[in-house]
Amino acid sequence: MSTTLHHANAERDATVSRRRALTLTSVFGLFGAGLVAGFSNLLFFRPRVTYGEPSRFRAGKPGTFPLGTRLPLSRQRCTIIRTASGLAAISNTCTHLGCVVATTEVGFDCPCHGSRFDPDGAVLGGPAPRPLAWFRLAHSPRGEVGVDTAETVPPGTFLQV
Amino acid sequence: MATDTGVLANLLALPRNVWDSIFRNPLPSSDLARSQTTFSNLFLHIHPVKTHAHSLRPWYTLGLGVISFSLFVVLSVGGVLLMFYYVPSVEQAHNRMLDLNGTVAFGILLRNMHRWAAHGMVGVVFLHLCRVFYTGSYRRPREFNWIVGVLLFLLTLGASFTGYLLPWDQLAFWAVTVGTAIAGYAPVMGEQVRFLLLGDRLVGQEALIRFYVLHVAVIPVLMTLLVAVHFWRIRKDGGLSRPEGLDLPEAQAQFPEALQGKLEGLAPAAKTAKTKTFGVMGIVRGPFNKLGNTPDNTVYSWPNLFLAELFCFALTVLVVLAVALLFNAPLEAPADPTHPPNPSKAPWYFLGLQEMVSYSAFWGGVGIPTLFVVLLLLLPYLDRGTRGTGVWFSRHRLLATTTFTLLLIVNLVLMVIGTFFRGPNWGLVVPW
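From first to last, the protein sequence lines are chains E and W.
Here my numbering is used: the first residue of the first sequence is 1, the next is one more, and so on.
Here my numbering is used: the first residue of the second sequence is 1, the next is one more, and so on.
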């Protein structure tokens, strides 16, 4: 008698745990699918191609930049400088709040909130927290200087010409 | 029964019958009809049939919640109308603004109303938040509705900020450049969030279409949902907050207007209480012996509450209209990504942030605002007291009131400095 009862209880326990297992699987499946869907949305919102100004462009032959050049390119938001060490491209986007800095003989001035930078983009004053970024330069196969504004290099990295 | 009348008679009775089929109750003249009018109308039934007289006191709520919602309605309707002419493209957007001025009938008026109502909504929603804080109305059992309210405030800021870019003038372009740069200071995720928001590294066509979709679809839908939850919870949490012990017999002097029948549809409260019948749901919360001994300080929502709401709505529309007729919404030169104006300012409600950012980018732009929002969200769970609820500036809540007021004053001062005292190169200037 008691063994039968015990057996019946065990059977019911087994049934319940199977149902529980199925429920848990379903719940995890559902929320897992939700998570994956959410993550795929994040990917969806991150464009692989942007339609704005291309980050890579050719600035011209090295010979077009004589020693002492400080040439601001307003569309690409950077300044090409030529010193004895070589060529470099310094970002014109202020590290404070993203305004376009003005390139002067003695450095860069931000018109928005008064940050000032020296000729190499180091902060001289104002609210800017970091020096201006330096972009990667490379010689293009056509003998021109290529700039990639999506890639920064440590300040002071010059392209030998 | 006149069911088999002739066609002609039916035609003659058509207007009347159509009207009656829509509004099943005539204008109510009895308490029963007042109840029926309220709960048989889709738009009215979100209200309770009866409202506590304390909730109708103009100086208690200042009508700020209803005014916020009225502005939301004005903005939704006006916004949809503006969508008929607006094109979210960097080539066309600014020209469409000029077209609103010149070639679209009432275009400039609509744009002015939309602009000023949007600024007004940011202000009024924040004042509503202040009212709820100063009266301690966020406390139990209204904790969750406070959280919904804080989220609605953040969404209001989001709606206003995304709309700021759409005219695509210098003001819009640089305000959004500066505003999203502040978001970029968030640790780890900052640059990613900024990129997702703009869809590019700089503000451009991608940012315009993203802001447009957020502004006209995502944020309004979220707000509509949350507003529905917000209203629903007011009822489920027992109506607006009011002081404890207000419904005890000795507190009757509180409501002379109710006792003297000044509010329509209210028989002298103490008299009706004895004969009032309660539904089962109405009595399960309190002990039975209250029945018949508790003065009934509620009045019928029709017409007392509805007239008050209508008044707030009409006043809101009137003020928005007047301001829109008097002042034109600003429109500067088309956006020029190569020439920032000097100085570049974020919208006024972010100028307190920008002022702080000019001292410390991370703390001003991200740290302190995040801390403030987290504190707001945690507030009802940190403050579990009950004394002083439902009273403006209660002396039982001196610490909370003082702290909040100080924060408010600091933010206000920073905002005023950022708005009026900052000139070229973010240098201090005297505005007069």
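No lab work stands behind these hints: they were computed from the structure.
All residues carry an ideal CB built from backbone N, CA and C; glycine is no exception.
Please note that a few of the clues may not be correct.
Said to hold, decoys possible - So the derived list for chain E, only partly shown, Cβ under 10 Å to chain W, looks like this:
hint : residue
1    : E53
2    : F57
3    : S115
Unchecked claim - Some residues of chain E that are not near chain W, with every Cβ distance over 12 Å (derived):
hint : residue
4    : F28
5    : L71
6    : P111
Claimed, not checked - Which stretches of chain W does chain E cover? Using the computed rule of at least three CB atoms under 8 Å from a CB of chain E, they are:
hint : stretch
7    : 130 to 143
8    : 176 to 184
9    : 196 to 205
10   : 296 to 308
11   : 334 to 342
Consistency of the hints with the structure:
With a cut of 10 Å, the hint placing E53(E) at the interface with chain W holds, because the nearest CB-to-CB distance is about 7 Å. Look at F57(E): its Cβ only gets to about 14 Å from chain W, farther than 10 Å, so that hint breaks. At its closest, the beta carbon of S115(E) sits 9 Å from a beta carbon of chain W; the interface hint therefore holds under the 10 Å criterion. With a closest Cβ-Cβ approach of about 27 Å to chain W, F28(E) is found to remain outside the 12 Å limit, as its non-interface label requires.
Distance to chain W confirms L71(E) as a non-interface residue, since its nearest Cβ pair spans about 14 Å, more than 12 Å. A cut-off of 12 Å between C-beta atoms contradicts the statement that P111(E) is not in contact with chain W; the least separation is 4 Å. Remark: the stretch 130 to 143 of chain W is not confirmed as covered by chain E, as 0 of its residues place a Cβ nearer than 8 Å to a Cβ of that chain, below the required three. For a cut-off of 8 Å, the count of residues in the stretch 176 to 184 of chain W with a CB near a CB of chain E stands at 6, and the three-residue condition holds.
Here's how the stretch 196 to 205 of chain W fares: 7 of its residues keep a CB closer than 8 Å to some CB of chain E, so the rule of at least three is met and the hint holds. Counting residues of the stretch 296 to 308 of chain W whose CB lies closer than 8 Å to any CB of chain E gives 0, which falls below the minimum of 3, so the coverage claim is violated. Check result for the stretch 334 to 342 of chain W against chain E: holds, 6 residues qualifying (beta carbon to beta carbon below 8 Å, three or more required).
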